[in-house]
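K.L.:
Okay, here's what each chain looks like letter by letter:
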Amino acid sequence: MKTDDLVMLLATGEGRVERHAAARRYAAAIAVGVVAAGALMLGVLGVRPDLAEAMRMPMFWAKIGYVVALGAASLLALLRLSRPGARLDRVLPALAVPVLAMWALAAIVLLGAAPDLRAGLVLGETWAECPFLIAMLSVPMFVAALWAMRGLAPTRLPLAGAAAGLLSGSIGGLVYCLHCPEMEAPFIGTWYLLGMLIPAATGALLGRRVLRW
Amino acid sequence: MNASEARLQGLLIRGLDGEAPAYQAFLMEMSTHLRAYFRRRLARLPDEVEDLVQETLLAIHNKRHTYDTHQPLTAWVHAIAKYKLIDLLRRRAGRELLTDPIDDEADFFSTADSEAAEARRDLGKLLEQLPDRQRLPIVHTKLEGLSVTEAAQLTGMSESAIKVGVHRGMKALAALIRGAS
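Just so you know, the sequences run in chain order X and W. Residue numbers for the first sequence follow this note's numbering, beginning at 1 and rising by one. Residue numbers for the second sequence follow this note's numbering, beginning at 214 and rising by one.
Pulled out of the complex, with its shape left as it was, chain X reads as follows (with noise of 0.2 Å):
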């Protein structure tokens, strides 16, 4: 076929193109993934008990508040990622905020700890399972994630495939947050963005294979 009449082809027949798909798309896939972690939470984990009661503390607000600034972040890199030629400027900013001001909390807590107590406050009683059920519950959102942006047109596939990796890894964490009795800012400092960067390192090593258009 002549590459005229591939033109022809293409442009024949063609109704008007919807306009934000990658905002529809993202969407369907947060309340897919929100869904789904939620569900496998309160399945295999179960809310903690005293949830009530962590809801009256600050601290429980400023985790959620952390995974929220991180997951809105990185849905920020993802809409930018998604769409050819878009620029990143402003994404790595969003993103490091959120982390640094945790790691400054962190540091006050230990540097205000009695020297022994402080192990205890970045171990915590759960640092060997967190990260690993961050890790479990955002791999909904981790697969609604790359359908959502095989739907649009990534062209820096590692990068795209980390950025859907990390928003799944906020929901993941921010659904765990319900279950994880843990209040300390070295705590979530370390472990939560370990989890949430496990799914992150998964997407940007499977982005080119997955991703690729």
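Hints were generated in silico from the structure; no laboratory data involved. All values derive from a computational prediction rather than experimental measurement. No residue lacks a Cβ here, since even glycine has one placed at the ideal position from N, Cα and C. Keep in mind that the hints are not guaranteed to be accurate.
Under 7 Å between C-beta atoms, here's a sample of chain W residues computed to sit facing chain X [stated by the list, open to error]:
(1) Gln237
(2) Tyr296
(3) Gly337
Under the rule of at most 20 Å between Cα atoms (straight-line distance), these lysine to any residue pairs were calculated in the SDA-like manner [as the list claims (entries may be wrong)]:
(4) Lys384/W / Asn275/W
(5) Lys2/X / Ser327/W
(6) Lys376/W / Val361/W
(7) Lys384/W / Arg19/X
(8) Lys384/W / Val210/X
Simulated DEER-style distance windows between Cβ atoms [as the list claims (entries may be wrong)]:
(9) Leu123/X / Asp230/W: 54 to 60 Å
(10) Val143/X / Thr324/W: 39 to 45 Å
(11) Pro93/X / Ala330/W: 44 to 50 Å
(12) Ile64/X / Val377/W: 39 to 45 Å
(13) Pro93/X / Gln366/W: 53 to 59 Å
(14) Ala104/X / Ser371/W: 55 to 61 Å
(15) Ala288/W / His20/X: 36 to 42 Å
Given the structure of chain X, go ahead and fit chain W onto it with the hints provided.
P.N.:
Relative to chain X, chain W alone:
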């Protein structure tokens, strides 16, 4: 934004609103810019140029819903062309085959080449490989120029099945190209 980019952007936006002649003019002119861009960068793989022009046109078509009308058209088109070029080089020997820097987007719309070579890969043959539920909607609405309603009556498919068939068929065609080369 230079004059040629502004005009092309206008054509694309009218095309996205469903104006076929504007969209055709956009794609036609885009093919000349793509050809010039690829030809300069693939001087050692001249036989690949026309195939890559066609593959990129199909990609632009299939991904046109990702164009944000506030975004410079050059950045969008160049990112797609560069992505397809790198994808080809990954499949082939590697980037040492490049003869011109890949990142230069500034000159994208100032170079054009309307001398199409023969494509080596025949899209018409690839089209024949599609299943009927995708091939027939494409043949009737795009090659024969029937309306969706007429194509639905002719094939006994529903109108939405015709639209879905065209949409999925064009994506399947792009996947066939990637597999065939």
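K.L.:
With chain X as the partner, please determine if Gly337/W meets the hint condition of a C-beta pair closer than 7 Å.
P.N.:
4 Å, holds
K.L.:
Is the Cα-Cα distance between Lys376/W and Val361/W 20 Å or less?
P.N.:
7 Å, holds
K.L.:
Does Lys2/X pair with Ser327/W here, judged by a C-alpha cut-off of 20 Å?
P.N.:
12 Å, holds
K.L.:
Using the C-beta atoms of Ile64/X and Val377/W, is the stated range 39 to 45 Å upheld?
P.N.:
41 Å, holds
K.L.:
With a cut-off of 7 Å, does the beta carbon of Tyr296/W approach a beta carbon of chain X closely enough for the hint to hold?
P.N.:
4 Å, holds
K.L.:
Holds or violated: 36 to 42 Å for the Cβ distance of Ala288/W and His20/X?
P.N.:
About 20 Å separates the Cβ atoms of Ala288/W and His20/X, which means 36 to 42 Å is violated.
K.L.:
Under the criterion that the straight-line Cα-Cα distance not exceed 20 Å, is the pair Lys384/W, Val210/X satisfied?
P.N.:
Status holds; Cα separation ~15 Å.
K.L.:
Sort out whether Arg19/X lies within 20 Å of Lys384/W, counting only the CA atoms.
P.N.:
Holds, at about 19 Å.
K.L.:
So does Pro93/X sit 44 to 50 Å from Ala330/W, Cβ to Cβ?
P.N.:
47 Å, holds
K.L.:
Does the Cβ pair Val143/X, Thr324/W satisfy 39 to 45 Å?
P.N.:
At 42 Å between Cβs, range holds.
K.L.:
Please check whether Pro93/X and Gln366/W have a Cβ separation lying inside 53 to 59 Å.
P.N.:
The hint (53 to 59 Å, Cβ to Cβ) holds, given that Pro93/X and Gln366/W are roughly 57 Å apart.
K.L.:
Do the numbers back the hint for Gln237/W, that is, is its least Cβ distance to chain X under 7 Å?
P.N.:
This interface hint holds because 4 Å falls under the 7 Å limit.
Checked against the numbered hints given earlier, this structure breaks only hint 15.
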